[in-house]
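2 protein chains.
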Amino acid sequence: MRSFGLTAVQPTVARALVDAANFGEVTGVEEGRVFADRRELYDAGVHRALQDGIVGTKDRGAESIVLSGGYEDDEDHGTVIIYTGRGAQDSKGRQTGHQSFEDTKNAALRTSAFTGEPVRVIRGSKAEGYRYDGLFNVVDAWLGEGVRGYRICRYRLEKCGSDSSVADLETSVSGELPKGNESPGRRLIKQQRIVRSTRVAEGVKKIHDYRCQVCAVRLEIGAYAYAEGAHIKPLGTPHNGPDVPENILCLCANCHVLFDKGAILIADDLTVSRNGKDVQLRVDVSHRIDVEYLAYHRSIHA
Amino acid sequence: MRSFGLTAVQPTVARALVDAANFGEVTGVEEGRVFADRRELYDAGVHRALQDGIVGTKDRGAESIVLSGGYEDDEDHGTVIIYTGRGAQDSKGRQTGHQSFEDTKNAALRTSAFTGEPVRVIRGSKAEGYRYDGLFNVVDAWLGEGVRGYRICRYRLEKCGSDSSVADLETSVSGELPKGNESPGRRLIKQQRIVRSTRVAEGVKKIHDYRCQVCAVRLEIGAYAYAEGAHIKPLGTPHNGPDVPENILCLCANCHVLFDKGAILIADDLTVSRNGKDVQLRVDVSHRIDVEYLAYHRSIHA
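Residue numbers (numbering that gives the first Met the number 0), protein chains in the order written: chain A, 0 to 301; chain B, 0 to 301.
Just so you know, these hints were derived from the structure itself, not from any lab.
Even for Gly, the Cβ is constructed at its ideal location relative to N, Cα and C.
Among these hints, one or two may not hold up.
What the hints assert, rightly or not - Covered by chain A, according to a simulated footprint, are these stretches of chain B (three or more residues, beta-carbon under 8 Å):
1) 107-116
2) 191-202
3) 207-221
4) 255-266
To be verified - Lysine-lysine pairs mimicking DSSO-like chemistry, simulated, CA-CA at most 27 Å apart:
5) B/Lys260 x A/Lys260
6) B/Lys57 x A/Lys205
7) A/Lys91 x A/Lys232
8) B/Lys158 x B/Lys276
9) A/Lys232 x A/Lys57
10) B/Lys205 x B/Lys57
11) A/Lys276 x A/Lys260
12) B/Lys232 x B/Lys276
13) A/Lys205 x B/Lys260
14) B/Lys205 x A/Lys260
15) A/Lys57 x A/Lys205
16) B/Lys260 x A/Lys57
17) A/Lys158 x B/Lys158
18) B/Lys260 x B/Lys205
19) B/Lys232 x B/Lys260
20) B/Lys276 x B/Lys260
21) A/Lys276 x A/Lys232
22) A/Lys276 x A/Lys57
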């Protein structure tokens with residue numbers, strides 16, 4: 000292979016960069032395996048903590064969580080889980096105060112939403128044992144209100160591998176890799192971000208001529224321009240924002256990432272705050288924005 | 000609902016903006032329905048042309064295609080289809096010359112890869128009739144070489160709706176919409192872009208400290224930074240680029256979109272050409288880039 004004249008990175012160095020944490024499948028542990036107790040889970044390397052529900056670091060993300068079914072704000076829909084962070088809960092799973100992303104474990108699971116690295120999910124309890132239920136992506140992390148009115152850290156997890164196109168990629172890529180670079184059968188590809196669009200969003204983008212309402216960038220691809228429709232109050236459970244123009248911004252891909260992660264916030268007077276710098280949102284007379292949705296967006300990120 | 004003081008866009012105006020073409024499901028036509036001939040397909044509104052294999056416009060994208068099984072460069076894997084453009088084919092489906100995206104129908108199907116709007120796929124032939132096989136996303140469009148050595152327009156289509164998380168969203172959103180805004184049962188959400196990452200890509204991003212190798216942007220979200228790993232020779236069939244550092248760039252989301260769509264090209268001396276402006280690719284001594292992959296990337300876009 001020809002190559003540009005730069006020193007090659009040693010494979011071992013590259014591995015060391017990414018393998019300090021233990022993400023993904025654990026070799027030899029198939030989905031559905033049941034463990035008698037937390038010690039067994041720990042020894043198998045599936046969940047490397049005996050007490051904590053979340054294993055991981057703020058810097059790298061979470062590698063696994065235990066879903067005990069005892070917390071009043073958790074929702075388990077099978078392939079979709081709404082998970083609650085830790086802190087201010089009594090022994091019966093009742094919330095007794097506020098939570099925050101300052102907590103390192105709560106922050107770790109939020110980091111997984113940034114990195115796209117999958118999280119092992121274990122369901123179970125002391126009484127019934129613990130079942131390894133496969134890999135999930137943390138597709139959203141936000142501050143929400145629990146049933147008792149406290150502010151809690153919430154996460155939306157979706158099961159990996161239910162998308163056939165991803166499975167297809169995994170297979171074809173595994174065949175390409177040098178032997179020994181990945182454990183056999185280990186998942187290689189993860190989803191980092193899915194950009195969805197709607198018919199209504201197309202209309203909004205057209206109004207703004209595909210120019211970002213925050214930074215004014217217009218991404219041009221020949222005669223075509225590319226923009227993304229960002230829902231202010233997110234679509235889908237549990238936010239259930241509506242798919243209407245008043246809830247959509249026309250953004251470039253970069254500002255969309257920052258907006259979805261809360262690094263861009265927009266005040267009711269349409270002042271945009273991005274990393275401490277304020278600019279004014281670009282508007283168009285035929286596209287009304289509802290400040291109620293802006294307030295919701297701010298509330299889940301700050 | 001409170002709102003910022005701008006005139007509301009009339010729903011009818013918004014509809015007119017997006018409904019000139021007939022994208023998505025056709026009301027009353029379920030997947031799997033068989034039509035006797037092209038006339039029946041036409042009359043049902045499933046494929047609104049009697050001869051052409053592609054219906055659509057360069058500006059808006061394709062609304063449907065017919066896959067006849069007679070073309071030597073087509074590949075049909077069920078939920079994944081590698082489709083060939085039109086032009087320079089004889090009556091037996093053999094390629095007799097080059098194709099190009101200058102052809103309006105070939106351009107239309109490529110536009111669908113930009114918009115994310117789904118395409119109806121019909122499989123069949125004069126002898127056996129035509130079956131409506133549901134909606135597919137055009138996830139990639141490129142110039143490739145056919146079995147006879149001619150340059151042909153190629154497309155990768157993936158079936159919609161196999162991703163459970165999308166299905167979940169569709170259900171919850173449909174429930175939110177004002178009555179009459181969408182035909183019942185019509186698909187509302189489409190996938191525009193999936194950003195996938197790999198372990199190897201994580202290593203590359205770390206080397207560059209999550210700073211874009213093209214435009215030097217670093218997307219900061221609190222203490223975390225966000226970047227995307229862009230495979231130069233794409234992963235997955237039919238490109239089958241390898242998941243190795245030499246085939247990966249660390250890019251911001253915007254430059255990733257432009258690179259994947261061919262609006263950013265990189266020469267062997269690492270000069271980046273973006274909308275006619277040239278800059279130098281940012282490099283790091285520990286991250287070697289293989290020029291063979293850069294040449295492949297240029298070849299599929301120009």
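| message | Need the list of violated hint numbers for this structure, in ascending order. | response | 7, 8, 10, 15 and 16
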